[in-house]
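Student: Listed below, chain by chain, are the residues.
Number of protein chains: 2
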Amino acid sequence: MSEIAALFPLLLTLFSAQLLQALPQTYLQSTKHHGSEMEPQFTEKYFSQTLDHFNFNSMGNATFSQRYLITDKYWKKGYGPIFFYTGNEGNIWEFALNSGFITELAAQQRALVIFAEHRYYGKSLPFGNDSFNIPQVSLLTVEQALADYAIMITELKQQLAATDCPVIVFGGSYGGMLSVYMRLKYPNVVAGALAASAPILSTAGMGDSRQFFRDVTADFENIDPGCRDAVRGAFSQLKHLAEHQEYSRIQAEFSLCKPPSSPQDIHQLNGMLRNAFTLMAMLDYPYSTHFMGNMPANPVKVACETMMTGSDLLANLRKTAGIVYNATGVLTCFDMYSLYLDCADPTGCGLGFDSMAWDYQACTEIDLCYESNNVTDMFPPMSFTEKDRELYCSKRWAVIPRPDWLKTQFWGDALSTASNIIFSNGDLDPWANGGVRKSLSSSLIAVNISGGAHHLDLRGSNDADPESVITARKMEADLISQWVKMERTRLQQSL
Amino acid sequence: MSEIAALFPLLLTLFSAQLLQALPQTYLQSTKHHGSEMEPQFTEKYFSQTLDHFNFNSMGNATFSQRYLITDKYWKKGYGPIFFYTGNEGNIWEFALNSGFITELAAQQRALVIFAEHRYYGKSLPFGNDSFNIPQVSLLTVEQALADYAIMITELKQQLAATDCPVIVFGGSYGGMLSVYMRLKYPNVVAGALAASAPILSTAGMGDSRQFFRDVTADFENIDPGCRDAVRGAFSQLKHLAEHQEYSRIQAEFSLCKPPSSPQDIHQLNGMLRNAFTLMAMLDYPYSTHFMGNMPANPVKVACETMMTGSDLLANLRKTAGIVYNATGVLTCFDMYSLYLDCADPTGCGLGFDSMAWDYQACTEIDLCYESNNVTDMFPPMSFTEKDRELYCSKRWAVIPRPDWLKTQFWGDALSTASNIIFSNGDLDPWANGGVRKSLSSSLIAVNISGGAHHLDLRGSNDADPESVITARKMEADLISQWVKMERTRLQQSL
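If you're matching them up, the sequences are chains P and B in order. full-length UniProt numbering applies: residue 1 is where the first sequence begins, and numbers increase by one. full-length UniProt numbering applies: residue 1 is where the second sequence begins, and numbers increase by one.
Isolated chain P (complex conformation) (with noise of 0.2 Å):
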């Protein structure tokens, strides 16, 4: 993809890919992307899918578009399991061609291996352009998203003999609260869940607000207690800069595009900065990637050299945050209204149409009130406050956020009668601790991966990889495997 990037080189779309939609498809499955990860050549189709699984009125029996990439490559035909990906927040594309672990998996296990597109991302937008707009956009619900897997699973593996294919679903992030819920609420459909770096109890109000940017502080801390101190050096200089309204010295402080003339410019100045933390904590891989923008090996110990060159705090933060923004160095200055998107989510929503999207699910079901206070982590203090959020939301989608429904409709941390799920989380993750950390039952298996970053198990098999992940995807594997033979007994029982 170091075409794309050169031309593109703000390709940081978190949570999304917006420009991979421009692509030819022949492209995305013939160049080589990541590593070692397989190319399962991937066939790109459409679901005829109910637009409103919980009304009949709305829509009617109306249906949309929505997309899934599919491959029977590896698939023992009839008899071989389904993998099946539970699309998230974005680009359905993006996550196929950065899970090749799945696609190993399907080659061992004889597997057909199916990637869902989440419901209005990526192309699968029930309104076309007009899907963000209010009321079209009140279809974006969890519920909805889960029913649409639930009816494509049945419906195609009708269509394809394979009803007595046992299905497991796999996820990464949201994509892994997705399978979490899943194995929840269809275990009818569904066998069992591979969740990799899903922070359901976090996101369900849970955790501690404190948990997520103190998790990501932690990561520079490790590499050098003196790193987070520049860190916070840094950010305390821009502050003083700003109280004594140096406009211009930030500016070129910066590099910004345009001087910041306000207070709010200033926010989303640090709101911009602290976010390039966020992602290089979370894409801490120990190789180079391409995926939700493009990083550098090891990008945290790149920033921590970074910051840790020479006094200038300043121009070392602007560099640091050009590891993120401008890394491929074409920038010559950063226009941070358009490098970062305030909204709902302190950890970031990405960019253009898939950003919306996760805006609003972060204003309607998904809790994400984290804030950073520069006493607990590095970095200035920014809250965001369940008040905070109800306003901001009520503001920009006419919603209400329900802050308890989510731990009320997926169960919160009372899973006891569930099975079949493995929690996965890396400790470099700063979204790990928004997760299951600790296994619940002898088929609710926590699996922890020293030094991995945000599911780095789902992605395909790498040289740099640490031990950890191998021994996890050896034991997901495992996993996987009984709960296939456990699956098709039942399956041939009631026949």
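Think of the hints as simulated: they come from the structure by calculation, not from any bench. Even glycine gets a Cβ: it sits at the ideal position worked out from N, Cα and C. Among the hints, a few may not be true.
Once the Cα atoms are required to be at most 20 Å apart in a straight line, the calculated EDC-like pairs of lysine to aspartate or glutamate come out as [said to hold, decoys possible]:
#, chain 1, residue 1, chain 2, residue 2
1, P, Lys319, P, Glu305
2, B, Lys239, B, Asp229
3, P, Lys407, B, Asp215
4, P, Lys407, B, Asp164
5, B, Lys407, P, Asp164
6, B, Lys319, B, Asp404
7, B, Lys239, B, Asp265
8, B, Lys157, P, Glu155
9, B, Lys157, P, Glu305
10, P, Lys73, P, Glu221
11, B, Lys76, B, Glu155
12, P, Lys157, B, Asp404
13, P, Lys157, B, Glu253
14, P, Lys438, P, Asp404
15, B, Lys407, P, Glu143
16, B, Lys407, P, Glu155
17, P, Lys301, P, Asp413
18, P, Lys407, B, Asp404
Label pairs and their calculated CB-CB ranges [to be verified]:
#, chain 1, residue 1, chain 2, residue 2, range
19, P, Gln493, B, Thr385, 27 to 35 Å
20, B, Arg396, P, Asn129, 43 to 51 Å
21, B, Arg396, P, Ser461, 52 to 60 Å
22, B, Tyr46, P, Lys73, 57 to 65 Å
23, P, Gln493, B, Gln237, 31 to 39 Å
Mind docking chain B on chain P? Use the hints.
Tutor: Relative to chain P, chain B alone:
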């Protein structure tokens, strides 16, 4: 209730109890109704309920007033379990006053008792008299009702300082389906379910469309094959008269207020007559009852005695219908369009507002395509295919039913991952074979009640009870007591 019955002889509102709504509550609470049913002195309350759980824009965070009945007469405060009746298609008082087992069990197990009214029934009309307009009616779905109960339980537990109290759900018929679904979808909220006479399979399209009326027929046949033959003979005579358009004769034979004048009228008459047998089979209790109308003790036996007296089959059929439609004998003629509503449920929709709600549910999620054919049953051939249903429902409610939805959404017979559910059924009940008749595991337990009609076990104990229901209630009490203990352990461990 005999005074009321004298005033309102047509209190037969199947699955509803419109008239009860007009009664002063003190009357309801202070009158002896049902044999030995206890008087739990329920307090009637209203809960501020989210109007649309699945769409944040459609109604914002609008609420409606959902009625519930509550008694803490037996409750060991803050410790004893909560017995929660998942209200079904009717006025909640009707269920509370006919489910004495729940309060008897509450007295034994020191439980708080709550009967929650289903949205769009009784007084829980979200839009008052406009509730059955389109699109207002569209918020009437199973999923909305379940979310109502999940949220009501969660919030009431907070309000009542009962967060550590295990919750057991109870329900009969469709209410039993809801109890099952609560345990499937919200095991974080409910520890177990007693689902009495819950036809979860047949309503999900997994049954034989001939089963229901075949089993109605069997009840009469089991009294005496001659009874079945008499009924069939009477319908045959009616058919003969109709074919010769002897409409005045038909009016006279059946004491109709107006003569029939079309095949449509004959269809209506056949429907009304068949429905009388349906009700007597369902409500074939060993003592007289006032649930869904007034029934003598052992109505099927009474009907067969009526059918087999003398040789005037048409007069016998008229008199048999009179057991149901003219219990107190004050009617001088039958107005067949006001006594029976032809709707999307061939087993009867009842009358009044509640009948509209049930018709809508039968037009959307609940599949009740049952036929009589005069071969496997004793009734006139009256088909009701998916195609018939679709035509009717699109015309009546502007909806297209989704026959596969319930099976996908609520697991069909793929229940192996579920636990703590009792499926009780009486073998006199034509609904029984639409439900789960065999235990699926040590915690998915089928209870058969020999000689039991529609959810007899939920009724209060009565001297006329067969031994089978006494045994069944004992087993249910034991299981529920075990579930409560297990759940208490879980709740305490999670503290």
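Student: For each hint, tell me whether it holds in the structure or not.
Tutor: So, going through the hints one by one against the coordinates:
no.	hint	verdict
1	Lys319/P <-> Glu305/P	11 Å, holds
2	Lys239/B <-> Asp229/B	15 Å, holds
3	Lys407/P <-> Asp215/B	43 Å, violated
4	Lys407/P <-> Asp164/B	17 Å, holds
5	Lys407/B <-> Asp164/P	17 Å, holds
6	Lys319/B <-> Asp404/B	41 Å, violated
7	Lys239/B <-> Asp265/B	12 Å, holds
8	Lys157/B <-> Glu155/P	40 Å, violated
9	Lys157/B <-> Glu305/P	54 Å, violated
10	Lys73/P <-> Glu221/P	45 Å, violated
11	Lys76/B <-> Glu155/B	19 Å, holds
12	Lys157/P <-> Asp404/B	14 Å, holds
13	Lys157/P <-> Glu253/B	56 Å, violated
14	Lys438/P <-> Asp404/P	23 Å, violated
15	Lys407/B <-> Glu143/P	16 Å, holds
16	Lys407/B <-> Glu155/P	13 Å, holds
17	Lys301/P <-> Asp413/P	34 Å, violated
18	Lys407/P <-> Asp404/B	28 Å, violated
19	Gln493/P <-> Thr385/B: 27 to 35 Å	31 Å, holds
20	Arg396/B <-> Asn129/P: 43 to 51 Å	36 Å, violated
21	Arg396/B <-> Ser461/P: 52 to 60 Å	58 Å, holds
22	Tyr46/B <-> Lys73/P: 57 to 65 Å	59 Å, holds
23	Gln493/P <-> Gln237/B: 31 to 39 Å	50 Å, violated
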